[in-house]
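Listed below are the residues making up each chain.
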Amino acid sequence: MSSFDIVTSSFRIHRRRGHAVAEAVRAGAFAGAAAIAFALVGAYLIMDRRFVVEDIITLAQTVVLLFVLGGGHAAARSAARDGATAATAIGFGALAGLVAGLLFAAAILLVAHVGLRSHLVAASPMLVRAVTFLGAPGSAVAAAVLVTAGTAAGSVGAAAAMLRADRRTAVLIGLAALLGAGLFRDVFAGLLHNLPGLAALEPMVFGVGGVTPVAAAVIAVGAAGLSLVLHHRRRPPIAASTRRRIEGVLLVVLLVLVPLVTDAFVAQVAMLVGLYVLMAMGLNIELGLAGLVDLGFVAFFAVGAYTMALACSSDPRAAVHLSFWLALPLATTIAAVAGLLFGLPVLRVRGDYLAMATLGLGEIVRVLVVSDAMKPYLGGSQGIIEIARPSLGGWTLDTPLQFYFLALILAALVGLVSWRLQHSRIGRAWLAIREDEDVAQALGIDLVAAKLLAYTVGAAFAGMAGAVFAALIGSVYPHSFQLAISINVLAILVIGGLGSLPGVVVGSLVLIGLPELLREFGEFRYLFYGIALVVTMHLKTEGLWPAVARQEATDA
Amino acid sequence: MAPRHERLEALAEWRRQSTWVDGVLLAIRLGVAATILVGFGGSLVAGTYSIGNIASFVVFGLTIGCIYALVALGYTMVYGILRMINFAHGDVMMVGSFGGLFAADALSGAGVLEAAPLLSLPLVVAAGMVVGAGVALGVERIAYRPFLHVRSLAPLICAIGMSFVLQYAARGLFGSRNRAYPGFGWMERTFEVGGLTIPMLQVVAFVAAGVMLAGLLAVVRLTRLGRAMRAVAEDRDAAALVGIDVGRVIVATFAIGGAMAGVAGVLYALVFKQITVFLGFSLGIKGFAAAILGGIGNLPGALVGGLVLGLAEALGPALLLEGFALPAPYQFKDVIGYAMLVMVLIFRPQGLLGERLADKRA
Amino acid sequence: MSKVLEVSDLTVAYGAIRAVRNVSFRVEPGELVTIVGANGAGKTTVLNALCGLRDIRGGRIRLGTTDITHLPPQDRVALGLSQVPEGRRLFPRMTVAENLEIGAYTRREAAAVAADLEWVLELFPRLRERGRQLAGTLSGGEQQMVAMGRAVMARPDVLVLDEPTMGLAPQIVDLVLDALRAINANGVTVLLVEQNAYRALEIADRAFVLESGEIVMTGTGAELLDHPDIRNAYLGYDA
Amino acid sequence: MPDPSDLLLDVRALGKRFGGLVAVREVDLAVRRGSVHAIIGPNGAGKTTAFNCITSFVKPTSGRILLDGERIDGLAPHRIAAHGVARTYQNVRLFANMTAIENVLVGEHLRLRTSFLDIVLRNGRFHREETAARARARDLLDFVGIGPRAGLLARAMPYGDQRRLEIARALATRPRLLMLDEPAAGMNPAEGMALVRLIERIRDDLGVTVLLIEHHMRVVMAISERITVFDRGAVLAEGAPNDIQNDDRVIAAYLGTRSTQEAHAVKLRAEARTA
Amino acid sequence: APLRAETLGPVTDELGVVKILKGQPILIGGYASQSGGDTNQGIAELHGAELALKDFGGKVRGFPVKFNTEDAQCTAEGGQTAATKLAANRQLVAVVGPSCSSGARVGAPILWNLGIPSIGIGATAPGLTATDRPAGFKGFLRVVPNDLKSAEFQVDWVRSKLGLGSVATIHDGSPYTEQLVRAFEKDFVAKGGKVVASEAIGPSDNDLRPVLTRIAGRKPDLIFTPVFVSSTGFLLRQKGEVAGLKDTPVLGGEGVFSANIIEAAGPAVIGFRIVGPSTEQFSQRFPSFVKAFETEFGEAPTGGFSAWGYDAMLVALKGGEAVAKADADGNLYIGRKALRDALFATRDLPGLTGKLTCSAEGDCGASIYAIWEFADASPTSFAPGTNPKKVFP
Ligand SMILES: Nc1ncnc2c1ncn2[C@@H]1O[C@H](COP(=O)(O)OP(=O)(O)OP(=O)(O)O)[C@@H](O)[C@H]1O
Ligand SMILES: Nc1ncnc2c1ncn2[C@@H]1O[C@H](COP(=O)(O)OP(=O)(O)OP(=O)(O)O)[C@@H](O)[C@H]1O
Ligand SMILES: [Mg+2]
Ligand SMILES: [Mg+2]
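These protein sequence lines map, in sequence, to chains R, P, A, Z and E. The first sequence begins at 8 in this note's numbering and counts up by one. The second sequence begins at 22 in this note's numbering and counts up by one. The third sequence begins at -4 in this note's numbering and counts up by one. The fourth sequence begins at 257 in this note's numbering and counts up by one. The fifth sequence begins at 2 in this note's numbering and counts up by one.
Straight-line Cα separation of at most 20 Å, EDC-like style, residue types lysine to aspartate or glutamate; simulated pairs:
id	chain 1	residue 1	chain 2	residue 2
1	E	LYS20	R	ASP193
2	Z	LYS315	R	ASP445
3	E	LYS192	E	ASP222
No wet-lab data here; the hints were simulated from the structure.
Construct the complete structure from the given sequences, taking the supplied hints into account.
Written out as structure tokens, the structure reads:
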């Protein structure tokens, strides 16, 4: 057993619950602490620059509000579980909100009047100013306003908890829709702009930084209403398999249509998602099927990219001058060979040892590529530039959208191959190795051959992604091939659901797509990314789209 | 030498039992040996470095090796019990290092640091340990405990997530500038042993690593908690069945591992004198490498792994690459480290002191 | 010193499948009770639920005067409920001696623990010479002996065993069952699941028959031993 | 001494040491083609270790192992499987997270021939082979009596079924020699007798030679043609069931004089004879 | 959509016109490395730009200016994505950034193909403003000087002023430092000097003593290394521990022109020299800029590039001010081509680093250099003029 295998025990560790008052204070304290952390880490200020609803509420305010709403909600739920009436429960929510508000206000007063800045750089007058609504920044009035607002928000959260389940969902969906619209303003604005006939709507719905107030009301109410209507329409029950199929079709439609009708940026992001899908499918063969951890996966991506560069660039280092269409299979093949070579020495290494060995190999490749010693062949830190774009009969691919469709086609192809391999004797052998190497071998499976095949196929997929990547960017630099990419691909697999092909797509959408959309929060992007990883795993431990719905939902 | 026919027979026997993979592995081994020989020989011929230089390299390597070892100890502790790499460990170390810094700043502000440097050091280290342990507990609470009963890689991904969170939260909270670590007068001294200048700090690092290892070994081998830890490591359900509170044992392990990271963080800062919020990532990887090299789950292995890795990095470019006349050989420092790691794993897939991963019991 | 074990309406499910349904029984202090049942009847599931290794869907479990339904496993051990689990579940990389010693994890009185250790070694002399061998390298039968010894080391009021004779040589089976009787004679309540139904019924005061997760029959050991259905289904006389 | 060409498995002077402990010493074992041969002996006598040596799970310290006259010792485990040796394990070792039928299909791996290209192209060859393999897997599950549980995850199955599944998986490799390590453990006497019938069918219907380790004397006596008794790593006795049963040394070392189990076994054999 | 001539309100422009409704803000974009290995640099640059906007009053022609920033990391794909994202907003008039040449190489054409000029901060690669650069770079300017120029200056100082004959160089594998080192070496050799060691390290290396030992064996007269703050700190501190290097001077790059290097290097910073802007403006204004920066963002700039961010923003604002035209209703119009031309026509604009004058290729850097030397090891003593003090010219 190791990190990359299972870890399990049959019993859970339960938290002992306290009295409702204690639980409310606890919930409030959590909300308050979250808000304080959010402020002191500096995220408040950067998110305060973005409006959700134009000129009315900023993203930062929304986040803090959500913390407190959540605290009130949790307090009320826990009170209701102990049998409190709705009114009392709301009282507990208010208590939680009060605690949160007090904590937050206290922290702000501390920031305003005690110099914390030598250690906490974000504890700035600007922060105090930003959270002040009434009164002088840092004054008692300002603090009182915060406390009042906290109490109110806690009560509202609690009140929401007292709603009937369907209404609660409706409220939640309404808010989520609004938040989504505000957060991804640029995407939706682009969408409106491009959809025929809707272009005129754009300035009505979106201001410069967020949703206009009127549109906000329409969106929130509309989404909530829709949710209620859908909930109450009698639907014929859908079999799980049909449902999955429908979801699958929807996913494909989404993948094809959305980039078409939005702007270049969405296409660009979609393109990156596509490349990660290719890579993740490769790693899925290694890790998801054969259980071989590979933290040096980025090396194959690099091999593909550099092969493309050396085959299609006008750089003097370029060995040959091929067209993209010839270079692509060449890059794939060379990456596959690299996979084979990688696999050979580490065949007998297992589990975490394998993780480290591959990580080491990946780093070796990266350093080689950046090194002065290899500069005459690989360009060193200046990389290789001016890689020709693919062209087909005089028509050159150059927009992100075109590349996206290229990636999509390749991903579909690779997905098909993956699926076929998975459901064949080879795939079964891989699974068996993952489960118990010794037994698999005793059943006649040649471990060496099977593992090498997994490495080779996985590497080929990654190399293909790398080749497309190089052609898209038009240049390759060693700094694009960091360890972080390997880790990212691993996270995609697990978040999506290990061993699941649709999971790979969903995982890439979430882990590549969303952070791209959050690019504007620059320095906090990885903070949010980290939080997203944690939260996703807590909500969907098996991944967002697990391989097969195994029957043992509650079981060890 | 055995008679000819016996040798032939042995060869035939080898051929009967081996496959092409054995051949390839043999070739790799020979290739490695040849490379090392050529590089080493070439380096000797090149004669860039004096014996004194090499001796200094050994001292450098041992110092950084001690730090790797301390990080590796934390990994190995947690791994031993959960069979899980704590990916956030490097960042726990970073936060611990900041804890020590703030304590030192406070002490310095109160004038204690200058007045009683000998007394202040334990206080600073303790601060690092407490902060490290605290953060490690947070990591356990968020990334491990909720997943004790499920079968998935979720803890691993959560730990990676926590690593990002710690790094970038620290950046947001403390800023991204490099921070100077205060020196403790007596530690800045050096002394001579056989013509070799040895800084006091190096000795401190060495002693610290040794003491920590001894302490951990004592805990694991001799105490009730230690025995419970080993039991939980082997079979969590069975441990619960003999009355061990599994949750508590895991918490204790994380706390110890975190404290270890705190020590490593402070020690790192004392040796290298400046810290940033990003130091955790690369040191974390090195610590992981050291733990694997020594055989993960094995405490003495962590020390050995750390020292060997440190030595390889310090000596490798000088002793191996010089012979190949490569430009900028120190760019390959990490390559040497990782290559050595991979080589060791080829020869000993279980690490230097590790036990065979799977004794094939049927 | 011995405690009553009372189970009422116990239901345990794996996902949608309810493997144990509304099982109720009571084991009186000092009794030796056995559960008999075919493959997959739910015996192991019942025992795991008793020891807290399995979340239960419904029902109550009482040990003496304490309701232990929602206690974590280690607290149940401290209250005097010990299990010899199916498949032994030793700590393979700890020595035999360590495995035995850790069985007494919840106990602090060193002298009494030492005395119990001596007793275990008398029961299984073979283990004496193996004290320093890693438990994982023992043969299957030797492991089973350690597993029993480990559970006894906790000096339980109620001892629960899941197929303790599995994989034991016939001679040792005798020995183990004798030992079990001796333990029981010392005042320890015993709940035994055993595939060697003949021997189990022979030594049991009372027995239940579990079929598809439900108790379908109860009686004294001797009664059931002579029951034709039992003879056919579990003793194989019809073969 | 039987005719050598009659021997399927011929183990000569097998030895295995673990550090200072000699687990198997100078063991000779001859298993006749088409027979059911049992190994019994006290716990820790080295029975499982001998199995492990034969299947290359551990490397023997000394000795030779011949299958059908061909040396197989020292070969990698998958090559031994390819020679036609399959086994089950004392502590069931299934692919816990795969379904029963998938477990069996893995067993068939050795006999499947579709190439990488066939699989990627999903051509007729692939479909033919895959269909046949699945059909065979179902047959095998039916054969061992767990056909209805084909879709269940292995780890969700009760212990006894897991043992049967393990046998089915081993059979899927189409072995010449099937080695079973305590197949009746965890089964009650009635189930044990069902197992006896299964093993007989394996020998008679499938023509597979069976070598088994077992402590359930009823099973051993009811089924085996020859029995080898191990004690402390060495062969204590070898012979037909009747001789073994009455061998004083065996009784002293293994069966135990008071063994009621043995008495039942005798009774059962008597019943089986008369039937 | 391809760019075409357009007339909106009072403005006609061959590449299109941005119309800003009354009360709406003018959008300026920014992209720099805010995550990954070069985080500090990018953040400092963007913060510098924000300060410029603040100093400018936050408005152009009475219209508030909004600064939208994106993370470009320090990679080509980061630059590409950030630029694409910025370009998706059609209201954007100009962009400040990026920090790295790799990002500029991909990002600048994306922006310019949509008529958006960009002003590079840390992108120093000579090719970006070469006369034969591709058309996509015709809208790219930079306030940071081209590597070739700074190298020329430094070599001149080392060779002609100090008269040193041999150097050792160290870079950290980043395109920026490697390029500077190569330019320096080339010039140095051309001027008759000798490069006795050309070493490289990794950006996260902390024990540089072995590589310094190797250099010591070559006995250079000077070590030239433009690596960043952490590495420079390690290098300066550890240099003393390596026999034979104690007195070898070190010349660093602009990337460490900050208070932080004092903290990083401790006492070893004394005598350390770096290259930096030489102008009057710089000497006068930089200290107060650092103060303002610290009040605003909690810590002083950690690297040396914040001043370029400031100047880039300044150029953009000035350009906007020059070409924006209001109509009778109070809406504002900015012609894209006009703005680009106005930016390229920047002359003697008093920036933070000096008077900015843009060449026809887009190099706007003041390129008047000085060598600065640190004289005090107290972190609070950072004040260009006294610590570090100008030693040449
Ligand atoms: N982890 C699991 N997931 C799903 N179902 C399970 C699981 N474990 C057991 N079951 C099911 O629960 C039922 C009872 O199993 P249990 O192991 O308790 O039987 P048992 O009586 O102990 O059998 P045996 O004598 O073979 O040990 C069986 O039908 C089995 O398939
Ligand atoms: N890997 C090992 N290391 C050390 N000793 C071992 C190892 N494997 C087995 N042994 C020892 O070898 C002896 C023979 O063990 P083996 O498992 O072969 O016994 P067995 O005959 O199968 O017994 P059982 O019937 O109890 O399963 C035992 O004393 C055991 O402790
Ligand atoms: Mg059972
Ligand atoms: Mg055995």
